[in-house]
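Kindly produce the complete structure, drawing on both the sequences and the hints.
Number 67 in numbering that gives the first Met the number 0 belongs to position 68 of the sequence shown; there are no gaps in the numbering.
In case anyone wonders, no lab produced these hints; they're calculated from the structure. Treat the hints with care, as some may be off.
What follows is a list of derived Cβ distance ranges for each label pair [said to hold, decoys possible]:
{"id": "1", "residue 1": "Ala74", "residue 2": "Gly177", "range": "39 to 45 angstroms"}
{"id": "2", "residue 1": "Gly85", "residue 2": "Ser290", "range": "30 to 36 angstroms"}
{"id": "3", "residue 1": "Pro236", "residue 2": "Val185", "range": "27 to 33 angstroms"}
{"id": "4", "residue 1": "Trp178", "residue 2": "Glu52", "range": "35 to 41 angstroms"}
{"id": "5", "residue 1": "Arg51", "residue 2": "Tyr282", "range": "18 to 24 angstroms"}
{"id": "6", "residue 1": "Ala272", "residue 2": "Ser131", "range": "30 to 36 angstroms"}
{"id": "7", "residue 1": "Ala95", "residue 2": "Arg264", "range": "25 to 31 angstroms"}
{"id": "8", "residue 1": "Trp178", "residue 2": "Arg60", "range": "36 to 42 angstroms"}
{"id": "9", "residue 1": "Val185", "residue 2": "Leu283", "range": "19 to 25 angstroms"}
For clarity, every value in this text was computed on a predicted model and none was experimentally measured. Beta carbons: idealized from backbone N, C-alpha and C, even for Gly.
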Amino acid sequence: MNREELALSTGARHGRGAEASARAAARRSRVTVITPPGRFSLPRWSEVWEAREVAYRFAQRDVLLRYRQTVVGVAWVVLQPLASAGIFSIVFGQVANLSSDGVPYFVFSYMGMLAWNLFNNVLGRAAPSLVSNQSLVSKVFFPRMIVPLSGAASVLLDFLVALVLGVVLLIVYGINPGWPVLLVPVWVVLVVLLSSGLGLAAAALQVKYRDVGYVLPWLTQILLYASPVAYAVSEVPDNLRGLFNANPLTWMLGMFRWSLLGLDRPPLWQIGAFAGVSLAVFYLGALFFQSWERNFADVI
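The following block contains the structure:
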């Protein structure tokens with residue numbers, strides 16, 4: 000190898016080394032620029048996924064705090080729907096003598112409370128979540144949407160525990176729901192999407208308007224009796240049945256009772272409408288949350 004070839008070879012090696020060093024330096028000095036979300040933009044789902052460990056820690060904390068220093072522990076999960084089902088059975092089943100579509104009133108109302116609690120608890124835990132974690136929201140950067148969404152994990156755990164008791168009740172009462180029971184996970188996903196979408200909007204509003212924390216429980220209490228949780232739609236007067244059938248929670252309860260109690264399948268339009276409403280509400284809730292997120296740290 001002559002001098003010119005040796006010089007070219009040495010220069011090429013040095014050039015490749017300098018280029019590799021430059022790339023390594025660029026990686027070490029990489030800067031992440033955090034920009035506020037647009038007013039009408041959806042969240043960056045890649046950021047939400049990258050922060051899944053944060054969501055897991057939030058969910059883990061919620062579960063631990065919920066049952067720490069309690070006397071009966073996880074039994075609270077089944078005591079609430081059991082007590083509600085017992086009261087509804089006495090008031091609506093015996094005092095008012097309402098029909099339960101041929102199903103024992105206790106298990107009828109228990110399954111209704113199971114679906115209602117899933118919706119109500121996801122919404123109820125999402126709404127105050129940002130205010131309850133205001134020190135983190137105002138000082139640490141992470142996708143804020145994780146905070147209200149992470150509460151759904153502990154609610155799903157509660158739902159599974161209560162569902163196990165529901166299966167025991169089905170065996171005791173000799174009820175065989177048949178193949179529609181396989182659709183229960185689909186209904187659960189749709190309910191979580193619906194309640195999470197409403198919870199995202201409520202959480203964003205409560206950052207600025209603390210009245211939401213007082214109004215929302217009152218509205219859900221009214222909605223409990225305005226929805227056929229403890230009674231059958233067949234008992235609703237004809238002049239009001241159209242109003243009840245326009246309530247998405249009526250569709251939800253009908254689907255759960257079809258899958259868990261073997262009652263008549265709700266109309267196909269209700270199943271399709273509930274899926275569409277759940278997806279639309281979650282989308283709009285995420286859009287609303289993202290448009291308000293830019294001001295959270297200033298007003299919380």
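A quick look at each hint next to the structure:
1. Ala74 <-> Gly177: 39 to 45 angstroms: Given a distance of about 30 angstroms, which is not inside 39 to 45 angstroms, the answer is violated.
2. Gly85 <-> Ser290: 30 to 36 angstroms: violated (44 angstroms)
3. Pro236 <-> Val185: 27 to 33 angstroms: Given about 32 angstroms between the Cβ atoms, the range holds.
4. Trp178 <-> Glu52: 35 to 41 angstroms: holds (38 angstroms)
5. Arg51 <-> Tyr282: 18 to 24 angstroms: holds (21 angstroms)
6. Ala272 <-> Ser131: 30 to 36 angstroms: holds (34 angstroms)
7. Ala95 <-> Arg264: 25 to 31 angstroms: Given range 25 to 31 angstroms: holds, Cβ gap about 27 angstroms.
8. Trp178 <-> Arg60: 36 to 42 angstroms: With a Cβ separation near 38 angstroms, Trp178 and Arg60 satisfy 36 to 42 angstroms, so the hint holds.
9. Val185 <-> Leu283: 19 to 25 angstroms: Taking Cβ atoms as reference, Val185 and Leu283 lie about 21 angstroms apart, which means the hint holds.
The structure fails hints 1 and 2 (numbered hints given earlier, in ascending order).
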